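Those sequence lines, one after another, are chains A and B. According to this note's numbering, the first sequence is numbered sequentially starting from 1. According to this note's numbering, the second sequence is numbered sequentially starting from 235.
The hints are simulated quantities; they were obtained by calculation from the structure and are not laboratory data. These numbers come from a predicted model, not from an experiment. Be aware that a few hints might be false.
Claimed, not checked - Cut-off 25 Å, straight-line C-alpha distance, at most; resulting in silico cross-link-like pairs (BS3-like, lysine-lysine):
1. B:K472 <-> B:K461
2. B:K626 <-> A:K178
3. B:K330 <-> A:K178
4. A:K171 <-> B:K330
5. B:K645 <-> A:K138
What the hints assert, rightly or not - Distance windows between CB atoms, simulated:
6. A:D77 <-> B:I331: 49 to 55 Å
7. B:S577 <-> A:V27: 31 to 37 Å
8. A:V27 <-> B:T471: 39 to 45 Å
9. B:P560 <-> A:P159: 33 to 39 Å
10. A:V27 <-> B:Q339: 20 to 26 Å
11. B:A442 <-> A:G31: 35 to 41 Å
12. B:I290 <-> A:K171: 48 to 54 Å
13. B:A428 <-> A:L196: 34 to 40 Å
14. A:D77 <-> B:I290: 17 to 23 Å
We put the beta carbon where it would ideally sit given N, CA and C, even for glycine.
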Amino acid sequence: MSTPFLPVVAGHAEGAGAMIPVTPRNVPHHGGPENPAAAALRAQFAAAVHRVGVVWGGTTVIVERAQVNAIVRWLRDDPSQRYDYCSDVTAVEFRDMERAIEVVWHLRSLPFRRFLRLKALIPRGEALVVPSIWDIHKGVDWLERECYDMFGIRFEGHPDLRRILMWEQYKEGFPLRKDFPLRGRFSRSEQLRQALAQNPEAKYSMEELSIAEAFEDLPAEMQQRLSTGERVGE
Amino acid sequence: MATTKRTVDVQLSTTGMDSRGRPQRVPLVTDEAGNIVPMTAPPAAEPELEGDHMLINIGPQHPATHGVLRLVLELDGETVVRCIPHIGYLHCGFEKIGEYRQYNQIIPWTDREDYLNSPGNNVAFALGAERLFGIEITERCKVLRVIASELSRIISHCVWLGTFCIDIGAFTPFLWIFQQRERVYSMLESWIGARLTTTLTRVGGMGADIPDGFTEDLDNFCRTFPKVLAECDAMLTKNAIWVGRTIGLGAMSADEAVNYGLSGPMLRASGVAYDVRKDFPYLDYETYDFDIAVGQAGDVYDRFLVRMEELRQPIRILEQAPRRLPDGPVNVDDHRVILPPKSKATSDMESMIHHFKQVMEGPRPPIGEAYVAVESPKGEKGYYMVSDGTSKPVRWRIRPPSFVNLAAIPKMVEGHLLSDVIAINASIDIVMGEIDR
């Protein structure tokens, strides 16, 4: 960690003229006070900041996809910003199939009590790849994996990007994409057939077996199947 | 391994009988100065022992994993070298289903994700949807929602305390605290008719106003619950076995806790005073007088202390809330979202049209997006909703606090003993319904 965390006593925030926060009332649909981070980002990353909007009181900054890692790092390390907490990483696909897929980062600055939404757009037809911010916020590990699992968005730089909620051999695609039907791609009978065809013995991945040097203890027939590349999961 | 060296004063004693059959504390170990014997963190496991590593699988069907969590552990003797968690056994696709449901129809799904905190989830979802609709709820509704949120915090922490005790080997507090949880469920039943899956809120209001006699029940509960809590406290907090099993385990420093995105009691136990109710308030929480508990070491024992304090603080809020409960309507006067009364819907043309439009088409929020977070018992629970102007959300995202908290478990258990994995896992307070969704 490069920035030491200074704990803030809730209700008595110090520094930068922070006041006791109050419940927002009558939040306007558009407009309202803009998060100061938006102006700072414009000054710092002029070309990489595409658009800034305030919707229902939340400031959204749409940034250049390739610059996300640098922007999040600057937001965390700059003493006037200190966005040290990443609440959420997710994506939005619209029903309009022409519209770009949005990857959304919800950041919080605990010392300054600010909330910022970063977005990167992936236009249709382009590869679903965005930079990972795992090296900055370790907490996004599973969030990015889930986003990959549900949308198929690859986070470049994530050390262990694999499915998390669906199982490893899941073949139907990415469930939260709009072209994925609510009941799944395969018929119920096909889903049942696949479930029954799974090998109940093969509960461990090759990685897990190799770390524990347990591969030699397996039955010869199972060793043979695993070594020929059969994918196993839970 | 970062074990925190610190001491806690404990009384090494057991419960026995005196000559007339009355229970009393029998000291086990006394030093010259008195009964207090300091306990320190257990020594680190011995390094450099020869032998093969072993692969141990815990779960998914294991009572100590609090649901269907599966942990694959690589052990060196009894010490955990590596932990690979597997989740997803309970995945139901809530977020996908939400894209095919109107806003009020999603509320029953929020009951079922973090099912120990159903009223709190209902409140959180309603707040998010109201932000998206641009609705200001009534003052009475706000106070009722505060009551619901705090009752649900008590339920959730009661379950946590009971199961945490069982995981560590103390059975009695489980029975004591579950009786209290039952009382809260009875209150909720009198309020909305359901116990576990409450569906308490609607967009723009509540499913029902509180019934007659509810505030008396609440007063009664607020009077008697602290006594039970004090008994649990006396049983556990300075119990030598308890402290020995929990102190120094799974420590996270403040920097690490923030970096790993922990929230709720997990984050506060590490010394970071972040509570959504104080830092990003909602429902006028800034006007209530309550404190948030902050730990220092960030280990299992501190998480226990923080959650015990969080069982006491809701009582303070629940004492203030009924006193400020104003008269007046619960639901907003907005025909876009609130159904007209049935009697009017069958006799008045306007009301019938509103009723028909709402039931058949559903309320339509304007195009926009909103992320609203509340302090759930597990941590920061956020609902992110995106509307494209139709009656169903384009995206309904749950920010699950236990999911992010659980992601730090490899960091917390590595270097500890296998038996401590159970204690650390219990201290995270996970609900798999919320993690897998």
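Numbers of the earlier hints that this structure fails to satisfy, in rising order:
The structure breaks hints 6, 9, 12, 14; every other hint is satisfied.
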